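Engineer: Listed here are the chains, written in short residue letters.
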Amino acid sequence: MSALDQIVEPGAGALLTVPAGGRLRIVDLHGNQAVDTLFYDAHDIDNRYSAFDTIRAQQAVYLTTGSRLMSTRGDELGIISDDTCGRHDTVGGACSQESNVIRYGGHTRHQHACRQTFLTLGAHAGIGQRQLTHNVNFFMNVPVTPSGELKFDDGLSAPGRYVEVTASRDLLVLISNCPQINNPCNGWNPTPVQLLGWW
Amino acid sequence: MKHDIPGDAAWSVPVRAGRAITLTALAENANASMLIIGSDRLDRLNIPDTLKSQMTARIHAGLVLMSDRGLALATVTASTLDWHDCLTGSIPSPLLLLELAKHGLSEADLHGSINFFTKVGIDADARLAFVPGHATVGASVTLRAEQDLLVFISTAPHVLATTPAGGVGVQIGAAEAGGPAGLRPEALRALELVR
Ligand SMILES: [Zn+2]
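Sequence order for the protein chains is B and F.
Using UniProt numbering, you'd call the opening residue of the first sequence number 1 and step up by one each time.
Using UniProt numbering, you'd call the opening residue of the second sequence number 1 and step up by one each time.
Honestly, the hints are just simulated from the structure, not real lab data.
A couple of the hints might just be wrong.
[What the hints assert, rightly or not] Derived Cβ-Cβ restraints for the label pairs, each shown as a range: (1) I91/F <-> D153/B: 24 to 34 Å; (2) E149/B <-> M1/F: 44 to 54 Å; (3) A3/B <-> T80/F: 27 to 37 Å.
[Claimed, not checked] Example chain B residues on the side facing chain F (calculated, C-beta under 10 Å, incomplete): (4) E9; (5) H30; (6) S50; (7) F52; (8) Q59; (9) R68; (10) E76; (11) G92; (12) S96; (13) N100; (14) H110; (15) Q111; (16) R115; (17) Q116; (18) Q129; (19) D154.
Quick caveat: nothing in here was measured; it's all calculated off a predicted structure.
Where a beta carbon is used, it is the ideal one built from N, C-alpha and C, also for glycine.
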C-alpha cells in the first residue's frame with residue numbers, strides 16, 4: 001500500500017513532504033519526459049540540494065543508482081536507490097520564460113515553464129526566487145564530452161521506466177513536470193508522470 | 001584598482017557596468033571561486049542557463065555569463081586558459097559567508113560558482129578527475145561587466161586539489177571597447193536585454 005499515488009500532468013507539479021527513510025518513485029509513464037526536481041531539508045530550507053556539490057561528491061556528471069543528493073552544507077539529503085532509466089541530468093537546470101527567450105527567441109516569452117511551477121508551488125513552503133537552485137532533471141539526457149561540450153539530446157528513457165529516491169532526512173520535494181516544447185527533452189511532446197511513495 | 005587576494009581568503013567587490021575585472025594566478029595552484037550577483041542583489045549567475053545557451057560545459061573566452069532572469073551579467077572577453085571549471089562548485093568558507101553577510105546576503109544566495117584556473121577533466125563516461133597544474137603563474141582571465149555587479153571571490157583551494165591554496169591578483173579598470181568575436185545569438189540576446 002503506497003502513501004502516495006498521484007498523476008502529474010505536464011506543466012503541473014507537486015510539493016511533497018517525504019519523511020526520512022521514505023521512498024519516492026517517479027514513473028515516466030510515456031517515456032522521454034523531464035521531471036525537474038528540487039530537494040530541501042524539510043526543517044530548514046536553506047539546507048537545500050546542490051547540483052554541483054552532488055557532482056563533485058561522486059566525481060561524475062550523470063545521476064543514477066547510488067548517487068547521493070548533497071546539500072549546500074554537505075549533508076546527504078537523499079540517495080537514488082533504484083533507477084531503470086540509467087542516466088539523469090543535474091547540469092541543465094530548469095526551463096524558465098527568461099531562458100526560453102534567450103535560447104529560442106521572444107515568441108516563447110509567455111509559454112509556461114518549470115520556474116513558473118516552482119515559484120507557484122514553492123510559495124506554500126517559503127520557497128521563492130532566492131531559494132530556487134539548480135535542480136535535478138530526472139529522465140533528461142544532457143551529454144557532456146571530454147572536450148567540454150554540452151548538448152540536450154533525445155532521452156534514454158522509455159515508457160514505464162522509473163527512478164526512486166530514498167530520503168536520508170525529512171525532505172521537501174518540489175517537482176515540475178516540464179512543459180518544454182522547444183527542445184527534445186520531452187520528446188517534443190510533454191506527457192504525464194506518476195508519483196508513488198512508500199513511508 | 002589592483003589588489004592581490006592571498007590564498008584561503010575571500011573578498012567581495014563591486015564592478016560597475018562597462019568596467020573589466022582581470023584575475024591573474026599568482027601561484028600554480030591558484031583557484032578563484034566566483035559568485036556573481038546582478039545590480040538588484042537578487043539576480044544571480046546561473047551556470048546551467050549559461051552552459052545550455054552556449055552549448056558548453058566549461059568557461060572560456062567568448063561566453064556571456066547569464067543570470068537567473070536571462071540577463072547578461074558579464075562577458076568573458078579574454079582568457080589564457082580555454083577551460084575554467086563550473087561543474088564542481090565549492091564549499092562556502094566561513095570567510096565567504098561573512099562577505100555575503102556584509103551585503104545582507106546569506107547561504108540562501110549561494111548558487112553555482114565558477115572555479116577560475118581550475119580544470120576538472122571529463123572522460124567519455126562523464127566521470128571527472130581534477131587536473132593538477134592546469135594554471136601556471138600569470139594565467140589570466142578578463143570579464144567585462146554588462147551591468148553593475150557584485151563579485152564574490154574565494155581563494156580557498158578547490159575541494160579536489162591536494163596542494164595548498166595560491167593567491168589571485170585582481171585588477172579592475174575600464175573595459176576595452178568591442179569584442180569578443182563569435183558570440184552566439186543566445187549570448188547576443190542576453191546582452192540586448194541589458195543595453
Ligand atoms: Zn522545464
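Engineer: Please write out, lowest number first, the hints stated earlier that are contradicted by the structure.
Structural biologist: 2, 3, 4, 5, 9, 10, 14, 15, 17 and 19
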